[in-house]
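Starting from the known structure of chain Y, arrange chain S on it as the hints suggest.
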Amino acid sequence: MSASEIWDRSLGLRRMPRTVEVVAARWFPRVTSLTTDMDTKFGGVDLPSSPPRTVTTLENGLTVIVEEVHYAPVVSGWAWYRVGSRNEVSGITGASHWVEHLLFKPTKQFPDDSRDRQVACAGGVANGFTWLDETTYYATVPKGDEDLLFRIEADRLANSVFDPEVIETERTVIISERQGGENQPTLLLSEEVSAAAFRVHSYGHDTIGHLCDLETMTPDDLLSHYNRYYVPGNATIVVVGDCEAKQVLGRITELFGQILAGDPIPEARCVEPPQRGERRVVVNGDGATSYLQIAYHGPKASDPDFFPTAVACTLLGDAGSFMFDSRPNSRSSRLWKALVDGGLTADVSVSFEPTIDPGLIVIGTTALPQVSLEAVEQSVDDIVHDMCESVVPAAELEKAKKQSRAALVLGSETITNRALALGMAATVASLEWLDGYDRAISAVTTEDIRRVANRYLIDDNRVVGQYRPTGATGGRE
Amino acid sequence: MTLPDRSAVLSAESIDRRVLEEGVVLLMRRHPHSRSVVVGISVASGAADDPDDRLGLAECTAEMLMRGSEKMSADVLNEEVESVGASLGAASGLHTTGLTATCLAEDFSHLLDLIEQTLTEPKFPDSELEKVKSEMLTGLFERDHDTRQTAVMQVHRLAYPTDHPYSRPPDGFFDTVEAITRDDLVAHHSEHLCRRPVIVTVVGAIEPDEVEAQVRTTLGSWVAARLSAQNTPDAPPLSEVATERLVIPGKTQSDLIIGVPGPRRGDDDYLAARIGNLALGGFGLMGRLGKVVREEHGLAYYASSALNGGAGPGLWMVYAGVDPNSVDQVVGLCRSEMQRLASEPLSGEEMDDCASNFTGSLPMQLESNGGVAQTLGDMEWYGLGLDYVERYPSLIRSITADQVMETAMRYLGQPNYALAIAGPNA
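Chains as they are written, first to last, in this note's numbering: chain Y, 6 to 482; chain S, -10 to 415.
For reference, chain Y alone in the conformation it holds in the complex (with noise of 0.2 angstroms):
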């Protein structure tokens, strides 16, 4: 971190956090369960078995999954819902994100700042995101404190307001959000490299959405996406920490399982064809400094080259994580020893996260003063094309491996972060894809990685995006 990161922080941008609470209600549903109890290797150790798991779906359609940590009295409990920017079209681009927005406004349960208050004096830290495939909302909290979230958690799928007057003040606070969002000279180009690379699946436009969706969107508009996405079938509830597994089931059971099922979820139906040629954008925009992205149509978690390509990204220059605060070093990569030490860029990254229909794999830079964009892009070009055309040796294999493998192990550590793999494996994949993270990538081959590359890291196949700055420069009133 720079000192000028150290210094920024105080003013980082942070989700907005809120959380709940909700009505018993004395209905226990059957439920079916399992209960694993796994054991990991990682770097030839064996590793602590993991904690025992217990997920339970409940009549209604909720999945629910238990695992019990006990080294921290901290409980963390998670609410996912199968829904984001994935399930937009026009004219309702950013639904999804704007209803997570409202999912923390008061409600008869929890009235005025009720909600907020009550986990910030209980000393937790909640929050809630929206992405391509999910919205979810969280908090992690002391021991003891955790009933509070289960019922935040219950009223906000049974219970939520959509006030018009609420939505009106919220379409100005998103905006804004959209705002300082155009700030950034790398978002603005991502979006339309995204935009480039999906001309049909809604992977294509930003969660944040389109200015003018989020100048006409109505009250309805976002009520009926709620009402159709917020159903217990669609939704995961997550509780890793110091708790009890059957207490916990048998309180969720009591708060959610009255809540109806709601009718079956429409499938997004969108599907990308084939990329048949090279695509660029350009974007123009003010300052002095120049950004690159080349983004390249990856598989989806499902798909068994999912793992491959991500040892094949760490090689190229990230390990692969999607944990919080988890990114490790990755300054021996082949991109890091080609653009940085060859002093063509300040920083590169490869990011290739699990998505439930194929998504990106985005490799973006920051062009050194002085250094052409066809430069750079000319030092990436000669890295890709030779993962496609050599094998690569056996020692650098085993060293992206265990990167990969040490970013999901030391990037879970923490319960909240625990949480989120779980949550997130079962929303986009599945558990069984999370269980057999390590041993898919103990099991990538040199030949895996020249497929792979060959199949997605071609040309043809990609959208090569340019941030050309005006050179325009500030001054004072």
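Hints may be right or wrong, so weigh each one.
[To be verified] In silico lysine-lysine, DSS-like type, Cα no more than 27 angstroms apart, as pairs: (1) Y:K342 - S:K60; (2) S:K122 - S:K60; (3) Y:K110 - S:K280.
Hints listed in this document are in silico derivations from the structure and should not be mistaken for laboratory results.
Quick look at chain S alone, frame taken from chain Y:
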């Protein structure tokens, strides 16, 4: 699987503190259920010590620690770290420079060897220095076109006297970064990093006696008696309302910051200021500021406050990101809340809420090895005592609403303040 609840409180008894030499302290905490170890080495020297004509030197030196030693090139170092899935990074702040490493327990000794390489015998090759300077200059170009970073820089310039280290950006200016030479790095390393007080924190799956022996053996002569840390000067109250509005073309949102020099971490009124700051911009959804600016008026995605007191009188500031046409209205709302905090005592309920938040959040702060390491470092740097976490709830509960109001009056309630706004033309 029920394990003993060992992390409930960071008690003095659970902390192992050893003074290796004058000014060299080793702090350890064992976490037997963790799979990893976090190592932090923090030296009492940072950007505040940079000469005016070499601003950015501390940051540059920290990064150059990672760019090769006498025995090991940067390439080899990176391979050694990453081949075991570990992370190792160097960074500087205003008053400290340090290394942080995270690794699996089995690789701790290996990481300590690599830390020794980076800390004690850096090579500072000219070729790497040129690259690091280019990277820093790129950061400065970005900073100058970033509304938030620009506002942060300007509000510090306005709030502190020109000869105060906090008036200067720690990442420097174009000419001061350009001017840095290898000789500057060598001098900074020998005169600051090797001579100022140092704290080594090791948290996780460790055995303290073994760790001490390894630290003594590995870091060897670097663990030698040290001089005391340099003091940071006081900052006088502002003598006028100092305002700066900067236009950055092409932007859609303005960032505004209102600030004044606040208390130091060790000052008697620091905890009262923390409670006031929590009520103002932190409690629940960004405190009173979030409620008024965001929830009631819908004028901003964020509006909050921060108290930055540390070794010196860091800025106590209120900040928001707003539509350019709403800047003056939001400044008015923020000033009104600052004045309210300084003129009306918090209610008994608000005081209780804030105290509950501070004490209730301790288990979360101490959940991870990194969080414990950070807390141990703060306790040592600011002389809070090893039993600070145990005393913390009663310390917080002992603060009265009048103390909070009087403290707010001393800082936020004064008629003069610094205001920086950066964004497009309204």
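Hints versus structure:
At roughly 20 angstroms between alpha-carbon atoms, K342 of chain Y and K60 of chain S fall within 27 angstroms of each other, so this suggested pair holds. Annotation: proposed proximity of K122 of chain S to K60 of chain S holds, straight-line Cα distance about 23 angstroms (limit 27 angstroms). With a CA separation close to 12 angstroms, the supplied pair K110 of chain Y and K280 of chain S stays within the 27 angstroms bound.
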